[in-house]
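Student: Once you've looked at the hints, go ahead and assemble the two chains, each given alone in its own frame, into the complex.
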Amino acid sequence: AQSVTQLGSHVSVSEGALVLLRCNYSSSVPPYLFWYVQYPNQGLQLLLKYTSAATLVKGINGFEAEFKKSETSFHLTKPSAHMRDAAEYFCAVTNTGFQKLVFGTGTRLLVSP
Amino acid sequence: EPEVTQTPSHQVTQMGQEVILRCVPISNHLYFYWYRQILGQKVEFLVSFYNNEISEKSEIFDDQFSVERPDGSNFTLKIRSTKLEDSAMYFCASSEGASGYEQYFGPGTRLTVT
Chain A
242 AQSVTQLGSH VSVSEGALVL LRCNYSSSVP PYLFWYVQYP NQGLQLLLKY TSAATLVKGI
302 NGFEAEFKKS ETSFHLTKPS AHMRDAAEYF CAVTNTGFQK LVFGTGTRLL VSP
Chain B
4 EPEVTQTPSH QVTQMGQEVI LRCVPISNHL YFYWYRQILG QKVEFLVSFY NNEISEKSEI
64 FDDQFSVERP DGSNFTLKIR STKLEDSAMY FCASSEGASG YEQYFGPGTR LTVT
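Chains as they are written, first to last, in my numbering: chain A, 242 to 354; chain B, 4 to 117.
Everything labelled a hint here was simulated from the structure, so no lab data went into it. A quick note: this is a predicted structure, and the numbers were derived from the prediction, not measured. Misleading hints may appear alongside valid ones.
Derived contacts from chain B toward chain A, CB cut-off under 7 angstroms, selection only [as the list claims (entries may be wrong)]:
| no. | residue |
| --- | --- |
| 1 | G43 |
| 2 | V46 |
| 3 | D66 |
| 4 | G109 |
27 angstroms max Cα-Cα, derived BS3-like pairs, lysine-lysine [said to hold, decoys possible]:
| no. | chain 1 | residue 1 | chain 2 | residue 2 |
| --- | --- | --- | --- | --- |
| 5 | B | K45 | A | K309 |
| 6 | A | K299 | A | K309 |
| 7 | B | K60 | B | K45 |
| 8 | B | K45 | A | K299 |
| 9 | B | K45 | B | K86 |
| 10 | A | K299 | A | K310 |
| 11 | B | K45 | B | K81 |
| 12 | B | K60 | B | K86 |
| 13 | A | K310 | B | K45 |
Idealized CB from N, CA, C, for every residue including glycine.
So here's chain B without its partners, still in its complex pose (with noise of 0.2 angstroms):
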């Protein structure tokens, strides 16, 4: 069955430190999207992405996140300059479709900022 992967699995950096973070979404794939779930917390909704262009972005996905499809298969998440408060799981997801279709999520990445 396709999944979506991710990679790296953990990630720690310094805090001011660029991260990339990296998601192959399932290829017959249109939408893609990153969520992010703080130790503890729920999981909260950063941004998605779809013809290549960001279609939606939450309060958190400020001027130090960035996305980017590369080329057709990737879908990366760029934190500029990292903050303690970034540190937590970052899920990519991705979707055939918009609202009503079921989003299917990679294993995440831990990151760690120190």
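Isolated chain A, as found in the complex (with noise of 0.2 angstroms):
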């Protein structure tokens, strides 16, 4: 069975200061990997994704993520957070042969001026 782990439900950080949001997967064969974004009151908006092609991947609004094998990661990360990345995070994984994602339970990211 597939499924992710996000590891702290609040993180805060300063305007300008670097992000990181952590995303372990469990997954028995080789995972597709994704970050959403939710904005409040909206749906969920990709950030980027992971398909078995670089392991290093560019996203929109500044934000890239580390395809980690050894470590079963995906870790998402940005030099330097504005305001407008306030929001809600959710890391997902599946794999060939399913549909369905399986979400995290969320990372809300606060930023403070």
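Tutor: Right, here's the structure in full:
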């Protein structure tokens, strides 16, 4: 069975600081991994995805994530936080043969001036 | 840019009533999904639909739930007899392909069962 663990339900950073949101996955076969962002009262928007090509994946809004098989991790980073990055971030996993996305519990990013 | 739309944005219903949540997926997409998010909890998969039939469903998707693509554009989720615990945000999504393809999510329908 696939699963995702997101460490930290809340992460607080100052504007301009590094953003690091952690995601560890469990999958018996090579995974496809996704990061989605949810702004208040909105749906989910894809930030980036890993589908077995380059292990360092660049996404929208300056975010990137690195797939590390040895650590079963897919952490999301951004060098410099903006106020507009304040939102809920979800890591999700699926793999070949499945269509459903299995989501983590989410991490709320708070950005202070 | 094409987007997934959902109606209504908010639905209030009484326990035991039937509700139909509607979605218009992106027009060239072939796979359709419903997810739900109970307040404060994670997003949970309900069902996927391809080629006019259910291709995958979760344990949550019991006999009270059904999905339909009544025409070439709409995709609906029906809950036959709503329970209090069905209160949640319901998201529709669609994708061009199966595993590995981006799923595009709609803005959601907030269902409140009283």
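Student: Please flag the earlier hints that this structure goes against, numbers listed from lowest up.
Tutor: Failing hints, ascending: 1 and 3.
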